[in-house]
Structures are given as structure tokens and as C-alpha cells.
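K.L.:
Work out the full structure, taking the sequences as your base and the hints as a guide.
Line by line, the protein sequences are chains A and B.
Taking the numbering used here, the leading residue of the first sequence gets 1, the next gets one more, and so forth.
Taking the numbering used here, the leading residue of the second sequence gets 1001, the next gets one more, and so forth.
These are calculated hints, taken from the structure and not from any lab test.
Since this is a predicted model, take the numbers as computed values, not measurements.
Careful, some of the hints might be misleading.
No more than 25 Å apart at the CA atoms, straight line, and that leaves these computed lysine to aspartate or glutamate pairs for DMTMM-like [unchecked claim]:
id: 1; chain 1: A; residue 1: Lys131; chain 2: B; residue 2: Asp1562
id: 2; chain 1: B; residue 1: Lys1168; chain 2: B; residue 2: Asp1299
id: 3; chain 1: B; residue 1: Lys1581; chain 2: A; residue 2: Asp159
id: 4; chain 1: B; residue 1: Lys1422; chain 2: A; residue 2: Asp81
Simulated coverage check for chain A against chain B, where a stretch passes if three residues somewhere in it have a Cβ under 8 Å from a Cβ of chain B [claimed, not checked]:
id: 5; segment: 103–109
id: 6; segment: 543–554
Heads up, the beta-carbon is just placed ideally off N, CA and C, and yes, glycines get one too.
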Amino acid sequence: MRLIGVDVGGTFTDLVYADTEAADTGVKIGVHKISTTPDDPSRGVVEGLTALCDKYGIPRETIDTVFHGTTIATNAILEHDGAVTGMITTGGYRDILHIGRHQRPQHYSIMQDIPWQDRPLVKRRHRKTVKERLVPPRGDVLEPLDEQGVRDAVRELKDAGVEAIAICFLFSYLDPAHEARAMEIVREEYPDCFATTSSSVSPQFREFERFTTTAMNAFVGPKVRNYVTKLESDIEKSGFKADLRIMASNGGVATPAMVAERPVLTLLSGPAAGVIGGDWAGGLSGKRNLITFDIGGTSADIGIVTDGGFGEATARDTWIAGFPVMVPMIDVHTIGAGGGSIAFVDQAGAFKVGPRSAGAVPGPAAYGRGGTRATVTDANVVLGRLDRGNFLGGSMSLDEVAARRVIGELAKQLGLSDLEAAEGVITVINANMANAIRSRTVQKGIDPRNYALVAFGGAGPLHGAEVADMLGIPETIIPPHPGITSAVGLLISDLRYDAIRTSFQISGAADLARINADFAAMAKELGERFTADGIDLSKVTFERRGDLRYVGQGYELRVPFPDGPIDAAALAKAFDAFHEVHKREYGHHFADSAIEIVNLRLVGAASAAKIAKPAVGAAKSLAAAKVRDGIGTFRVGTKLSDYPTTFYRRDLLPVGERIAGPAIVLQMDSTTVVPPQHSFEADTAGNLIIRKSDG
Amino acid sequence: MTPAPLRQPVPKPDRIDPITTSVIQGALENIAIEMGYKLMRMSYSSIIRESEDFGAALVDAEGRGLAESAQSTPLQSGPIPGYIRGILKTLADRGEAIRPGDVIMHNDAYSGASHGPDVAFVVPVFVGTRLIAFAATTAHHLDIGALSPGSCGIVEAIDAYAEGLQFKAIKVYDRGVRNDAVWQIVRDNIRASDLVVGDMDAQVAAARIGAERLVELIERYGVETFDMACGALMDHAERLMRQAIAKLPDGVYRAETAIDGYLDSPDANKKELPIVVTITKKDDSLIVDLTGTAPQVPDRPINMPLEGTADIAIWLTIRSVLLDTEIHGHIPVNAGLIRPITIIAPKGCLANPTFPAPTIARFCPGNQLADTVMKALSAAMPNNVSAGIGNLKVIAFSGLKDETHWVHMEIFEGSYGGRQGKDGMDAVDTLYANTRNNPIEDIETHLPLRVLRYELREDVTGAGKWRGGLGSVREFTFLSDGGASVEGEGHRYRPWGFLGGSEGAPAKLDLETGGTTRALPSKVPHMNIAKDGRFICYGPAGGGYGNPLERDPADVVDDVLDGVISVETALRDYGVVISAKGVVDVAATEKARASR
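P.N.:
Now the structure itself:
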């Protein structure tokens, strides 16, 4: 299989080509990078695809699949630039989207904005109510659907120029019939309109969060649908016969048809691809427990891979632009810490780094684009960790004088030397990042000492080993191409769909027939989806899960459910698993408390051909790899000292030879820092492995 | 093998460097956040896990706050240092020592606690034999054994004893050994005890985790460095606050508002009670004087503990106006922030009651005090305040099922007044409260209640160049026989308008039973309500900011198109003439505005 991954970022579009079987063609992995075309990202994608094929002499029509990571939906939300959206909702509840959970985002602020009030996805004038009402526990009809009311509402919305409609009824997760009927009426009255129902987008309880997710789906719908349709046809027009697959937030890919219907599934796909790519890199070196750590210019993404599997975020922990989103999502945590994070002394004299970033423009002072604030990148330049001659393989120069100037100003304010201040910037940002990792591991009962840290993204290898050291993580892995790990992640992804049912069953009185019926219905739903995508169902694997909590609690924990018919014994197994997970996550469990099954979930994945292990070149030598000797300033424990430090070229390093730090390893798309009391080696999988030295 | 460093570090410094200080600050916050996170997720009752009415904080050995959890509600984490000081004093008076392994329970409103239902669990942090700090959690419990079900709406408690159990620095674990007798007493004397004791267990677990983490942190840096860092962090917070205060013009700023009290009481001393705040600003300090505030109500629980409620209301408001997160970014919360502020409250007034005056229903009066502080600050910082806020209300719903109580407390939102350049926030918790509502789909699934309406309250607003926030309308119907009590404010007085803005609108509460509807006052003791009984709760609308005639006609049209105000209101309040098609009639509007 010949695969191409295309990851569209804010500045660059990264492309990776892989041939999964033909070892004799000479090309196994190809890489290409072009500038993103923000006005129409599909143009850059098509240009990149053709350029990549031309560069490596690959006939376009031989490409089997193009995997694509897109931020179209994400940007539409972040920039609040989506469709004029309307909503049809249950009478009496017009303002669920506006009132939210009646909580302010900030405790201590009079002048704050509330995203859902100040930047509404659906203006109140476009929120129409109709008579209908279901009631729990089974979704019995308290008030039948007023079909004429729906028809009138659609006509009014159409006249008002609405381009997308979200249909959101209370308790629709118990029975989608009213929403489905309203959908039919929308289709009859306004067939061109992008329409969506809350029970199809996210059939689970909590009305504000579900309605918001549905409104978001409608808000980004027309834009994403147009983009996907155009991209598919442009790729075909350029002579490709490849299937297009689009990355979703759940860590899998989806077909263009699926994404056109549920664009909300792609909202947080960028970080998801990073976790998959980091998992792949760690797997090359045989590591199954990984913390993926992707540091870019403005933010760092942290993911956890345990025993080769990644976690899923709980429904209540996923947010974008201040709005809650209830879609299946890889558990990845983003913090505002990156190469562009600004270091400053606040008005009362405290030293801080981030979360504000200098961004791409003006960027760090060292970029020479007019940046005047000291950033993490400037600190790395002053410390000599970023090499002026080798930054991005020499494709971009660094203004060392400007970096020294801004760090010098910071040092003066702090009453420290320039080197102390620069190292202080690194220590503080590293401590921030270590705290973030701690919150995803130690605080959830995961001992990071049993994990390896995979550090990638442009800045990950600069900080990875020192952050690992703060957490007692014994080993840091730097993937072969740290800068394009996310694009590689695209090539590892399976076609992956989720189904969910809110259940509310209590241990001791659980309705086994209903649980089995729910799992069967979800299997049917997903089966139809895969069949529609032309997938042979025998290639699909299904995994069952449940979201459980102790009766009375408000937060669920996810546990696996056994395959086959669910009987009392199978259920007991799931409950045991819940006690265990609760104990691990919170350090405590309540053995005598009743357990409530809140949601049942089914995940289907259709395995696809994968990128092969990268080829490792012929034997090289340490002498050839050595660039020069220098001096580095490092903090060991709490003490700051200067050390003789050697600079190496990564591509010339000998394989399997352990090399003492401190050292700086240079390569095309990244720079790796090996601190004192650490050693490193280039392993046979193409990774750099950094380890804490004994003693 | 690592080569030896070229340059050796200097020997132990006599002052702490800003880098280490910053790292320790991050670590302290990280611990507090973990405590809060775990408590919220483990807890059983919706008042903690949905409404987020809980707190988590780290406090030093002298009772000075070091860090608080970001998720918790300000009225919970803020008082924790006061709880610790209360515990220290109570134990010292009894001659009891604090030892490793102790877990101390405390809820004494006359010794630092915010009020009885907010029970703290405190774990001392020792390094070796030295007591260095405390890790503590607080949470609002569903029931604390008062005279009627629930822990809100106990509006007829006549003294502290009628409010429920009083825990005065009780060791529920003594050197690691569980005091089973105390736990049994608790279990036997409160309703819904499975939930409450489960929540208490969660609090203990979360506080212990905080203590463990803090020991690790202190051991990493050493006690000396840790102490120096904490000192530096408090000094920093103090400087931040002093600098912000110094920017205000020197002067005396006075404001007065009033609370409903008991509107249906024949006793004049129980209703329409003034709250008076006089702020004196000189150089970089503030004195907040509550002289003029009504005397305490000796036999009704709307008195505010000075330490635990009144002080928090004052600090929170000053901080939100002077160091607004939107403008100043994240500010570390510790004892330094409050050093520049002195509070004076005459003994025996509403905001400094004497034992055993009851305090359990102090929630809404305290928020009115916060609003009064903002009103006093409005003259000094007109661009950083909102016009008057709409206050809150809690209804405690309850019933019996199979000889077991169910209790559900729901907080009903208020709204903010207009602000410079922005309309007020609609239908939110205000000032020192920042809880969450419960999803309708959760309530109806788990309780014999139905929520038949939850929307914005239309055409009831405080007009202004920047109009006040909108209130909400929420209806609750009983599906089986039960009962309820009500604890609220804001039925009598309108939120204040500012700089020419109109006053907002008061809240109201109707109860529909057996085909008749009656208006209720803002406080109602427990009453039985039969199946089909229905509450209709109308939230207050915040005050307007600035002259309504200066409001951009485009904003007025938007409000009309959104159904928030009527065409008639647009003309009456704003002098804006809007055509049937929803377009401003410019000429008619100019004429209408000129004639005012």
C-alpha cells in the first residue's frame, strides 16, 4: 500500500509518504514540507501531494490512500467564523445554550466575557421552540411533537437566512424519534440546509453540553462539507485515485462522507495525531508505556499511552474556545507552554514564563522579526542550545544578538546574570510542563517512572530530558523526525467510529436485556456505517466500554465491558473493574457503594496498512558525528553550573553506542538537549534514547 | 559519566532566587488543584460535584493561606485559613496537641468556619517532628442535622444549636486511628447520611493526598528554602494588591444597600435591613468599615460570621475589581493579598454577630455585602465595576422514600449589572458564589421532580447604555409528595443602576398548588408540598450602566430581534423607534431622544 499523510498546520503543511510493503522500490519514506495556504488550505494540500510525488518519482495514480489532518472546523470555532446557525428546541428551553451551567468562567473577574453569551453559536432570534417533551427513564412521550410547529420554525429560519440547523430536544438520547421526524421536516422544507440532530451527534445526557456540541456541528457544518467535497474532487482532478481519510479527535480516521455529516468529530484531531505518532515512535523501540510530549511554538500537548493503548477523555473534560464538546476524544492535555512562551517579571516582581506566547509573528526576538519580549527560544539561544548555524537545518537564521538583548533585559530586572536568567526561563517552563504531566499521571494514579517520555514537535527534544528528570522518568525517546511526528501519526490511524447510549442502570437492579439490546443496536449502527464505507465487517474489531460512577457521583470513569452476552457475572466483572479504576484515579474507592452505569459505548476499528519501520543507514562513527566542543549551563538538582558540552550531528551518529552527556544533537527539524548525568544512543529503530546515568 | 562542573555554585543563599520561588508557586497550586479535582470527582451529592460548592487549600502552620484550588467556589477555599486559625486556637484552649496522622473536623462559625454545613477536614503536614503546614478541604454538606431537611433554607433556626451539629476541632482520626464513635454520632444525627458521610470520606482522602504531596515538595527543597519561598510569594501578592490600591485616588467611599430579611415578619427588626460599607483609601491600604450595618438578628440565621463569610465577601470583591483576572491574568491566591486590607465591623452587627446568634442562612446577605463593597468602589474605579448585581436563591427540595430522605438543593442564578463597554452577564451566579446548576436531564432521572421551563426572563431589564444582565425563569414541579424550604434575597430591592443607568428588577417566586398561585417571600421555612405543586422562580435583572438614551440603537434593535425587550420598551427606555420590520427609524429615534 502506498500512503500519504498530509498534516495542515498554521504555518506549514507537512507531508509524509510511506510504502508499506515494496522494499525494493528504493523509497520507503518520503518527506515534504510546504507553506500552508490559509485562504484555501486544500490548494496547499493538492500542491503538496503533487510536489511530493514528483520529488520521489511516484506515479500519482499508484497512491492508495491520502490521510489528512485538517483544522478547518477548529479554526471556524476559534475564530467564531461559521454558518448562520438556527436551532429548533423543546418549548420552554429556548436559552439552554445561553444560560449554560450558570457558572462564570472566572471566579475573580467583573469584566470577563462568557463565550456562549458573547459569541453565541446560535443567536436567540434563531432559536425556535416547538411543543414536544419526553420524560425519563424510558423516553415516554409527555407531549407529542408539534409537526406544524417544526414546519413553521424551519420556514422562519429559512427566511431569516439561516444556513444550518441544529435540532436539540430534551431527553432525545432516550428516544431519537422526535428529532428524527423534525429532521425529515427540515429536509422537506429546506433541503439545501445543513441539518443535524443532538441524538445523532452525541446521544448522552447533560443538555447544555449536548446542545452546544450539536450547535457547534451545525455552525462548522457547511464550511467543512464544502471543504471536504472540494478537496476530494481537486485531488481526483490532479490525477490521484486515492481514497481520502480524515483524522478525527478519537484517534482514528473517518471517511469524507462521515466528516461532512459530523464535522465536530474533527475538532481536536491535531493533538490526537500527535499522540498516535508518538505512540508509533515509542513502539519502534519496543516501548508500550509512553507519555507523548509534543511541544510547538505556543503550546504543548501531553498524551498517555498505557500498554499500547491511549486513554479517552471523559465527556466533561473536553473544551474548545471555552465551549464544552461532547465527542469521543483521545485524552490529550494542552497547556500554553512552547518555544514562543514569553518570560517576564510582573509588576510586583514575580518571575513568570507563559502562558502568553509571541506566536509566529513577531515570534521570539531570535527570529529577527521584530520580537522584543524574551521567550523560551531566546533563552535556548543564549544558553547555546539552539545553534545559529543549524536552526531548522540552516533554513532559518537566528538573531543571537537580539536574543542576548532581550534575555539581558530580563536578567537585569531579576538581578541575575544573563546565563542564570536564561537557564531560569528554561527551569520555570520545564517545571510548568512537569506539573502538567504530573496532573495527567501522578494525580491519576499513574507512576511516570514506569513510562518513557516521547518528546517531539519542534521544541520537544530541547526540553524532554530535563522535564523527564523532574518527574523521575528514566528514559526519553526522540523520534526520527521530531518535527513531523503528527503527520506520521496520520499514517498509523485506523478507520474508527464510536457509538454511545445513555443507560442509567444501577447495580443490583440492572436491566440486562436492555444492556444487551443497547450493545446490539450500537453494533448494528456501526456495522451499517462501516458497510456504507465499503469495509468488510470481518476486518472490523469492536470494543465495549461503559461510563460508570458510584450512585450519586457526577463524574464517570470508563471501564471495559466483556464481549458476548452480558449476564450477571459479566456485569460483576465490569463493576470490579470500576472499583479498581476509581482506586487508581483518586486513591480511594467505596467498596460497599452501589454503582450506576451511565453510558454504554462501542468502538469499531477497521485496521489499515501501516507505515513500516524506517530504514536505518549504514554504520557511522562518533568522530564523524562530532561538530564541536562547547560549554553549556545546566541546573542539576537545584544547582546551576557550567559543563563542557559536545555538539553532534544526528544523521552521523553511530547506532547502538552509548554517548555521555551533556551534549547537543543537531538535525534538520529539531535540536536535542542531553543534560549532565545523562547519556544517549541512536537505536536501531531510528530513535534517540536518552537515559539518566547511574549514580 | 558526567564531567565535573566547571564553575561551582555559590554556597547556600541568604535570600531565595526568583526562579525557585516561581517553581514552588507552580507546585503549590498544582497540589491544591489535585485536591480539588479529586474531591469534586469522588463526591456524591450534587451540591458538591455539580454546584462545585467545595474548597481545597494549603495553609502554613500559622494559618496563612499558601494556595487554593482553582475549581472550587471562592466562598469555600477563601475561608480555609480562618478555619485553621480557629482550630489552632480551639485546640490550644483545650490543651490538645496536633500530631502526625490527625485529621481534624471543624465547622464552628464562631471560630473561622463559614457556616455550619461547610465542614472542613484538615490534615497537618509534618516534616520530622515539625508542623509545617496544613492541607484542608471544605464542602457544603447536604444535611448537617438541623431542624428541617437539607442545609439550606433553615431560615427559622433560632440559635446556633438549632442549625445542626457543631464540630469544634474534633479529631476524626487521632494519630492515624479512626475515631469510630464520632463517625457514628455523625451518621446517626444527619439525614441522607450515606451521601454525607461518603462526601466526608472523599474530603479526608483529598486532604490526605494534598498533605502527602506537600511533604514531598518540602523535602525536595528543604524546609528553609520552602519557608523562604512562601514568604516571598506572600510578599509578592501583597505588593500586587498594594500597587493596585495605590492607583486609586485617596478618599472615603461609602455605599449602602439593603437586604430583604424576613419580608413577611411583623417584626421591623427582621426585615429591610441596611448594609453599609465605608472604604477609606490612603496610600496603598484600604480600611473597610461596616459601621452603620443593621444590628444582628438574634434569633434568625441571616447573620454573617465576620471571619468566614463577611471577610471573604469583602476580599473577593476588592480583588475582582482591583485585580480582575480578565485584565491582570492569573493572580496567585495567598495570605499576602489581604494584608493591605483592614476590616472593621462593630461587634453585634449583622456582619459580626455574637454567639449563639444563628448564621446558617448567611449566603445571600453575604453576597449583598459583596455587592455593597462593589458599589462603594464604583466611585473610585467606575470602569472596573458592574452596576448592581441580582442576588441568588437556594431551594432545598426533599421528601421521603422508603423511610429514607432524599434532599436536593438547587441554587437559582442572579445576573450582573451593565459594565463599561459591555452589557451585564445574564443568568449567572454572582460575586462570591460561582456554582453550577444541575442538568435537567440529571435531575429528572434521579429525583421525583420535573423542570418544565428554563429560559431567560424577557422584557425585564435594567436599561442603560450598557444594559444589566437578564434574569432566568425556572420551574420545578413535584412528581410525588414532598417538601421544600427557600433561602434567598432580592425580592424587595432593585439592583442599583450606575452613571445614569436604570435600576434592575427584583426576583420573585411563585408557588402553584391546587390550582392557585401565591407569591412567596425570599425566605420560607420548610413546608410540605403535595404532588403537582410547582415553583416558578423568576431571577433578578442586574442594574443598567450609563444613560440608556446613549445606547447604540443597533444594540437596542438586536435586543428586540432577540426577543429580550419589546418594541415598546425600546421606545420607553431607550427612545429608539423600531419599525415593524425590525429596523431603526433614525429620524423618529433622534426626535424621541431629543425630546427627553
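K.L.:
Please go over all the hints and tell whether each is borne out by the structure.
P.N.:
Hints, one by one, checked against the model:
Between A:Lys131 and B:Asp1562, the direct Cα distance comes to roughly 20 Å. Compliance with the 25 Å bound is thereby established for this hinted pair. Restraint check for B:Lys1168 and B:Asp1299: satisfied, since their Cα atoms lie roughly 22 Å apart, inside the 25 Å limit. For a cut-off of 25 Å, the pair hint linking B:Lys1581 to A:Asp159 stands: about 13 Å separates their Cα positions. Of the supplied pair hints, the one linking B:Lys1422 and A:Asp81 holds, its CA atoms being roughly 21 Å apart against a limit of 25 Å.
Residues of the segment 103–109 of chain A lying with their CB closer than 8 Å to a CB of chain B number 6, which satisfies the three-residue condition for coverage. Against chain B, the segment 543–554 of chain A contributes 5 residues with a C-beta closer than 8 Å to a partner C-beta. That satisfies the three-residue criterion, and the hint holds.
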